[in-house]
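Chain order of the listed sequences is V and W.
Counting from 1, one number per residue, gives the positions in the first sequence under UniProt numbering.
Counting from 1, one number per residue, gives the positions in the second sequence under UniProt numbering.
Be a bit skeptical, because a hint or two may be false.
One copy or two, it doesn't matter: identical chains are merged, so the pair holds either way.
List of simulated lysine to any residue pairs, SDA-like, C-alpha gap at most 25 Å [to be verified]:
(1) LYS394 x ALA404
(2) LYS405 x GLY83
(3) LYS372 x LEU34
(4) LYS394 x GLY408
(5) LYS211 x VAL406
(6) LYS405 x HIS329
(7) LYS211 x VAL361
(8) LYS394 x LEU34
(9) LYS211 x ARG284
(10) LYS394 x LEU21
(11) LYS405 x VAL273
(12) LYS394 x GLU119
(13) LYS211 x GLU119
(14) LYS394 x ARG357
(15) LYS372 x THR326
(16) LYS372 x ARG436
These aren't lab readings, by the way, just hints derived from the structure by calculation.
2 protein chains.
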Amino acid sequence: MSYFDAASAAPLHPVARQALLASLDEGWADPARLYREGRRARMLLDAAREAAAEAVGCRPDELVFTSSGTRAVHSGIAGALAGRRRTGRHLIVSSVEHSSVLHSAETHEAGGGTVSRVEVDRGGAVSAETYTRALRPDTALVCLQSANHEVGTEQPVAEVADRCRAAGVPLLVDAAQSLGWGPVDGPWSLLTGSAHKWGGPSGVGLLVVRKGVRFAPQGALDERESGRAAGFENIPAVVAAAASLRALRAEAAAEAARLRELTERIRARVAAVVPDVEVVGDPRRRLPGIVTFSCLYVDGEALLHELDREGFSVSSGSSCTSSTLTPSHVLRAMGVLSEGNVRVSLPFGAAEEDVERFLAVLPGAVAGVREKLGASAPVADVRGDELVVDALGKRCPIPVIELAKVIGDVPVGGTVRVLSDDEAARLDIPAWCEMRGQEYVGEEPADHGFAYVVRRVS
Amino acid sequence: MSYFDAASAAPLHPVARQALLASLDEGWADPARLYREGRRARMLLDAAREAAAEAVGCRPDELVFTSSGTRAVHSGIAGALAGRRRTGRHLIVSSVEHSSVLHSAETHEAGGGTVSRVEVDRGGAVSAETYTRALRPDTALVCLQSANHEVGTEQPVAEVADRCRAAGVPLLVDAAQSLGWGPVDGPWSLLTGSAHKWGGPSGVGLLVVRKGVRFAPQGALDERESGRAAGFENIPAVVAAAASLRALRAEAAAEAARLRELTERIRARVAAVVPDVEVVGDPRRRLPGIVTFSCLYVDGEALLHELDREGFSVSSGSSCTSSTLTPSHVLRAMGVLSEGNVRVSLPFGAAEEDVERFLAVLPGAVAGVREKLGASAPVADVRGDELVVDALGKRCPIPVIELAKVIGDVPVGGTVRVLSDDEAARLDIPAWCEMRGQEYVGEEPADHGFAYVVRRVS
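Model the full assembly from the supplied sequences, consistent with the hints where possible.
Here it is as structure tokens:
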């Protein structure tokens with residue numbers, strides 16, 4: 001098996017495993033207690049906090065451990081917003097943040113706050129200038145990920161931090177995807193991370209709040225973790241998380257170079273060996289281990305299943321794989337193709353031969369899925385000077401497949417009207433036009449769903 | 001070392017350790033993913049949920065895993081209150097609940113809700129009748145622990161549940177201390193637990209919400225754990241927690257009888273071999289492993305330190321040991337002595353010879369602490385027909401020690417007035433009177449602190 005989904009969760013690092021085992025015997029007691037077992041637990045917790053703080057680049061008393069990265073984000077955003085409530089209730093996020101940030105933003109809106117969701121370019125990046133143009137006198141908090149979890153694009157965090165600092169507004173950085181690779185530059189105010197992304201165990205996140213940042217923890221709390229993360233400390237896991245972060249950092253520079261070469265190879269080779277593919281994400285400013293691409297005329301779930309059978313574990317932002325039936329919000333915000341989407345995120349130590357085997361297997365897997373899907377003929381009508389394709393009730397990627405089949409049937413200058421009630425069509429039909437050099441005219445409400453109109457240009 | 005603080009945290013059960021190790025390799029991936037590692041993780045999670053639900057006595061889809069018992073309580077109370085907001089915003093808790101319940105109640109009050117805190121008897125128990133007399137038309141939720149964490153007293157949960165059911169109000173049971181021993185009887189609506197109390201790892205709590213109970217999860221959420229516990233699932237820990245609960249239950253009946261005999265022995269022997277001691281908590285309706293007593297004229301921290309040196313890890317509800325400088329809210333609510341308080345909570349498998357050694361060591365440890373504290377003479381003045389003791393600036397247990405020293409200096413019928421600014425005096429001076437058969441007249445505000453007036457009766 002080749003596990004290529006490290007951006008979801010990394011397998012436990014051997015150092016983390018060792019640290020976890022050792023501290024199961026030493027770190028189970030209540031660190032608030034004064035007896036021997038409690039003092040031992042306290043020492044382990046303090047040492048883990050120091051190690052994690054050193055890796056993050058903060059003071060130990062600025063860092064608390066939470067029960068997950070998601071919890072760190074939820075608590076960090078809620079606490080920072082409440083701490084600045086007098087200034088206002090405006091929050092800035094990018095449209096490609098992790099769902100934990102977007103859920104926090106929705107909760108903030110439901111409670112009467114306002115949220116600006118800043119757009120990204122086609123590579124998935126925000127511009128520091130555009131981002132900080134959203135600042136208002138009542139802005140309480142700005143959130144920005146260090147790098148995107150679906151396409152690997154790095155954000156201009158240091159520049160945004162500088163601008164936020166100048167404006168006197170705190171910046172919270174969701175560093176979940178990048179913290180294993182190195183600290184986050186710039187004068188950020190709050191930072192969150194998630195241990196199982198860097199080879200630590202599940203159940204550990206971290207929340208850093210710089211001294212001087214106004215912060216009012218929300219919800220019921222207790223005295224643990226400076227009153228910022230309630231509940232009995234999970235010390236064995238925290239110790240393992242800190243050990244793993246330190247171990248990864250020691251190898252980070254060399255491993256980054258190695259993985260970057262491998263993902264570069266995937267980027268180039270996928271584009272060369274798979275027809276009708278779009279490699280997405282910023283080609284240069286990106287994490288070392290993540291590469292994402294989308295394949296026209298492919299059902300994402302079927303492709304994942306095919307790859308799983310071949311021994312590859314990858315994920316997808318296609319609507320056709322998730323239970324929600326909507327395409328990834330990241331791909332949608334980028335305006336890129338979502339159908340047949342595949343994210344490859346290589347774990348530390350991923351073997352070159354596994355990558356080569358993946359590249360060898362992929363073209364056949366894509367072709368196989370396309371063959372199965374492409375069999376039936378589209379239902380098409382000529383109405384006046386345009387061709388109408390009725391794809392109602394058909395799911396991604398069928399509407400795009402049918403569009404592609406009939407486009408040659410209209411003369412250059414003529415139009416195809418695709419009727420579809422599939423959410424993914426809104427994203428994938430324009431993306432197809434962009435890829436094939438056809439003109440996307442726009443969408444119109446129809447009796448059922450929408451009509452997506454495309455003009456044949458070539 | 002003899003660890004006698006299982007009510008704080010139990011060491012990892014060997015079965016939990018084994019299950020944790022096994023699932024570190026099998027359960028680290030995202031259970032929402034469709035590839036092999038994800039499916040394996042999902043199977044482990046499902047199996048753990050089924051095992052835990054069986055032990056609790058609920059349906060698997062009624063149970064979610066949280067990141068701690070505290071989190072389960074916070075989320076459970078907030079969600080149940082929000083779910084019944086139309087009915088009203090009145091919450092009933094007992095005055096001896098775990099701090100996580102009381103913190104939730106404070107948060108509810110801060111948000112505009114109302115809270116009734118029902119008193120307990122001197123043994124720490126509520127009466128089902130008094131408890132449900134607090135029900136009002138706008139009562140949204142009733143909370144009651146299955147058993148108290150400081151004194152071991154069992155609450156009449158089944159009876160309260162019946163009455164709540166009849167009134168159409170949900171009951172949330174905090175079962176943290178009892179779940180290892182058995183399921184909670186009665187038609188409760190919500191239930192919470194904490195794995196590290198039953199030999200599971202830290203980082204796992206459980207929240208059960210019966211079908212049909214109105215529940216509106218609060219705060220930012222995600223799709224995990226039925227939308228009731230956000231953040232990546234900690235599967236290895238969850239598997240270990242469920243395994244440990246099941247293992248404990250298999251031995252529970254026999255072990256309960258064994259530990260009950262040991263704590264009975266402590267209850268009887270402590271009262272016999274330590275002078276001026278009050279054994280607290282209900283003598284019959286109590287958990288098998290917990291016994292708590294308070295020693296007059298003893299500094300709790302000094303006694304814990306002494307016992308730690310002798311190899312015993314116990315905890316205390318005395319003000320003189322905690323960082324808050326206030327005595328335990330449980331002892332206060334019971335109206336019992338808090339000074340020199342010791343809680344012995346035996347873990348599963350606690351050895352009889354360790355208990356015997358504890359009983360052998362205790363009298364000397366108490367006597368040693370008393371000797372060190374009793375050296376200086378109190379500052380006492382005769383004012384009119386009463387003796388005034390100036391204990392201002394002196395901490396527990398000094399005010400009580402000085403009262404005891406001078407009571408013989410006033411004639412029967414005369415009074416002693418103790419000036420004290422120590423919070424514990426308010427609890428401990430009346431408790432001393434009760435123990436020594438003297439009359440507690442009452443307290444009056446003084447220039448500094450309060451004057452506590454005692455009449456010599458015998």
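Hints, verified against the model:
When the C-alpha separation of LYS394 and ALA404 is checked against a cutoff of 25 Å, the pair qualifies only within one copy, where the shortest distance is 15 Å, while the shortest distance between copies is 87 Å. Taking identical chains as interchangeable, the C-alpha atoms of LYS405 and GLY83 are never at most 25 Å apart, the minima being 57 Å within one chain and 52 Å between chains. For the homomeric pair LYS372 and LEU34, the shortest alpha-carbon distance between copies (20 Å) is at most 25 Å, but the shortest distance inside one copy (67 Å) is not. For a Cα distance limit of 25 Å, the shortest separation of LYS394 from GLY408 inside one copy, 21 Å, qualifies, whereas the shortest one across copies, 94 Å, does not.
Taking CA atoms no more than 25 Å apart as the test, LYS211 paired with VAL406 passes in neither setting, with 62 Å inside one copy and 51 Å between copies. Taking the shortest alpha-carbon separations for LYS405 and HIS329, neither the intra-copy value of 28 Å nor the inter-copy value of 75 Å comes in at or below 25 Å. For a Cα distance limit of 25 Å, the shortest separation of LYS211 from VAL361 qualifies neither inside one copy, at 52 Å, nor across copies, at 47 Å. For the homomeric pair LYS394 and LEU34, the shortest alpha-carbon distance between copies (22 Å) is at most 25 Å, but the shortest distance inside one copy (65 Å) is not.
In this homomeric assembly, LYS211 and ARG284 never come within 25 Å of each other (Cα to Cα): the closest approach is 34 Å inside a single copy and 51 Å across copies. Neither within a single protomer nor between protomers do LYS394 and LEU21 lie at most 25 Å apart by alpha-carbon distance, with minima of 51 Å and 46 Å respectively. Taking identical chains as interchangeable, the C-alpha atoms of LYS405 and VAL273 lie at most 25 Å apart only when both belong to the same chain, with a minimum of 22 Å there against 94 Å between chains. When the C-alpha separation of LYS394 and GLU119 is checked against a cutoff of 25 Å, the pair qualifies neither within a copy, at 30 Å, nor between copies, at 63 Å.
In the homo-oligomer, the alpha carbons of LYS211 and GLU119 never lie at most 25 Å apart, since the shortest distance is 31 Å inside one protomer and 42 Å across protomers. Taking the shortest alpha-carbon separations for LYS394 and ARG357, neither the intra-copy value of 33 Å nor the inter-copy value of 76 Å comes in at or below 25 Å. Proximity of LYS372 to THR326 under the C-alpha cut-off of 25 Å is restricted to the intra-copy arrangement: shortest distance 22 Å within a copy versus 72 Å between copies. Taking the shortest alpha-carbon separations for LYS372 and ARG436, only the intra-copy value of 22 Å comes in at or below 25 Å, while the best inter-copy value is 90 Å.
Violated hints, listed in ascending order, are 2, 5, 6, 7, 9, 10, 12, 13, 14; each of the other numbered hints is respected by the structure.
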